[in-house]
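J.: Next come the chains, spelled out residue by residue.
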Amino acid sequence: MTLTTIDFFVLILYFAFVIGIGWLLKKKVTTSEDFLTSGRSLPVWITSLAFIATNLGAQEVIGMCASGAKYGIMTAQFYWLGAIPAMLFVGVFMMPFYYGSRARSVPEYLKLRFDEKTRTFNAITFAVMTVFSSGISMYALGLLFKLVLGWSFTNSVLLSAAIVLVYTYLGGLTSAIYNEVLQFFLIVLGFAPLSILAVYRAGGWSGLQERLPAVMTSTWKYMGSASENPMGVEWFGMVFGLGFVLSFGYWCTNFLVVQRAMAANSMSAARRTPLVAGFPKVVMPLIVILPGVAAMALLKMDVGFTLPMKGGSYDYTQTMTQLMAQFYPSGMLGVGLTALMASFMSGMAGNVTAFNTVWTYDIYQSHIRKGAPDSHYLMMGRMATIGGTLLSIGTAYVANLYNNIMDLLQLVFGFVNAPLFATMFLGMFWKGATSTGAFVGLVSGTSAALVTLTLTVAEGKGGWLGVVHEFRSALVQSFWVAIIAWTTSFVVTIVVSLLTKPKPISELKNLVWAATEMPATGHEPWYNRPGALAVAVAVFCILFNIVFW
Amino acid sequence: MGLGLILTVYGLALPGIRPPLTPEVNVNLYSGAAMALFGAVMLVLARRGRA
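From first to last, the protein sequence lines stand for chains B and P.
So for the first sequence, this note's numbering puts the first residue at 1; every next one is plus one.
So for the second sequence, this note's numbering puts the first residue at 1; every next one is plus one.
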């Protein structure tokens, strides 16, 4: 792929914009809360777009397009089943506790609800996860730009890291969030034309259905058994593994996304953040997955579309970039590549800002230096931004040496987020959940995930202590690791809680269902009422499922 | 909107620059126009919101 002057111009314009946003916001940052939590000042349309943009990293964009090519439109279940129900749940039921408790982070909520050790366990596992995730993002960017553009791995990694560091160091979370909104629009405007062109060239949706096996253009029909579809998943694993445990574990407890809602300027805005985000989230498969499906149809037509081979099959990870190279002229190619760069950077910045908040408040302030003046924590937040970025760069280089680290990351999400959701769910909705129960449950769930991973194999990976079971695919393995982790955490938390003493209800105000007055919204118009908005998103999502049945 | 205008002008100034798989479509012109329109709508909504 060769870039021309206008392509570079678009890229440089984007870099100037994101740094400019950071620069303009610098003077508004005067306290650690301004830097790390945006001072809870942002309107709902900003926080809702940031909510999905921070998750829309380039691994997702490239990965979803690749999965669309490999598995078909069934990949959309990662959005419709794997995100929407959990987003609705967190907005309607969990945000009153996150926001109402005045916690500055998810680990801090755990401290208020349970105790310091539960908070610390989550803070450490989360911090490690975000650094890994950010580093993997940089690694994937470096690899892609080396492969597609011939840029050096080091230059790609350092350039993207430097730009993210500048705007997050200057403007903190607010800068990251505003840039995520910019990045969202860039991603949509950069990739939507590709989807339209690819599907148009393949003969429209009916053309795809004619040229591809029926399983590639259906979301639910071939989920009766794992052997019926290329993903190797049946409906139970999909609904409970992806749709419940992994999905709720991520969208309801991962501070990376929850932080965006917690930055909103009111309780109503915080609750509506994931709900408003639900509308564009439902449509995203048409932008990122559909081009991959169309690519497979184009390969069967004699139109000149090609995809490189790798190990005897198509190199699906190159689907998005090959579509861009063959459908976009210079000019729009610059926009597409900038959108790809933007998606990498939004994922990276999201992880860095979540890391620096958890480090500063949940680890440094709680255990290393308590009671310092706020200016000290503001300085620490900035230092943590630099430190987090440097650690991410290091992780990117480690990933370059040992590329199976990406497989490990996929599973880390399962054994950090899945048991945490059980802890959060019980903590928020059962006043009888005790601090001891929560801690033992969380550690047990995490351990159960690790044990499952070391005793099972999928696609030749795992089973380091022995092989008790072999899964059909790595995807199915990750579902079952998450199901086992969640179930263990849930059961152990309940059993231990019943044997230990809970906190008195007087200490649980705004932390648990029985001690919290839900905000009244009956007088609001429907679009300001979380319940009504959730129903609207659910209906919208169900319609898409019906259309693509 | 600015990016849309740049692409639209580029598409008008150099209409011969076409992608290999859809040579009948001036992608820069149409995408640029769509982006510029979208940007204009956002600008109007933002100004109304502030008013």
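Honestly, the hints are just simulated from the structure, not real lab data.
Be aware that a few hints might be false.
Over 12 angstroms on every C-beta distance to chain P, these chain B residues come out as not near it, computed from the model [unchecked claim]:
{"#": "1", "residue": "Pro329"}
{"#": "2", "residue": "Gly331"}
{"#": "3", "residue": "Met332"}
{"#": "4", "residue": "Val335"}
{"#": "5", "residue": "Val457"}
A few chain P residues facing chain B, derived, Cβ under 7 angstroms [claimed, not checked]:
{"#": "6", "residue": "Tyr10"}
{"#": "7", "residue": "Asn28"}
{"#": "8", "residue": "Ser31"}
{"#": "9", "residue": "Met35"}
We put the CB at the ideal spot given by N, CA and C, even for glycine.
J.: Give a verdict on every hint.
T.: Hint-by-hint comparison with the structure:
no.: 1; hint: Pro329; in the structure: 5 angstroms, violated
no.: 2; hint: Gly331; in the structure: 4 angstroms, violated
no.: 3; hint: Met332; in the structure: 5 angstroms, violated
no.: 4; hint: Val335; in the structure: 7 angstroms, violated
no.: 5; hint: Val457; in the structure: 41 angstroms, holds
no.: 6; hint: Tyr10; in the structure: 5 angstroms, holds
no.: 7; hint: Asn28; in the structure: 4 angstroms, holds
no.: 8; hint: Ser31; in the structure: 5 angstroms, holds
no.: 9; hint: Met35; in the structure: 5 angstroms, holds
Taken one by one, the earlier hints fail for this structure at numbers 1, 2, 3 and 4, listed in ascending order.
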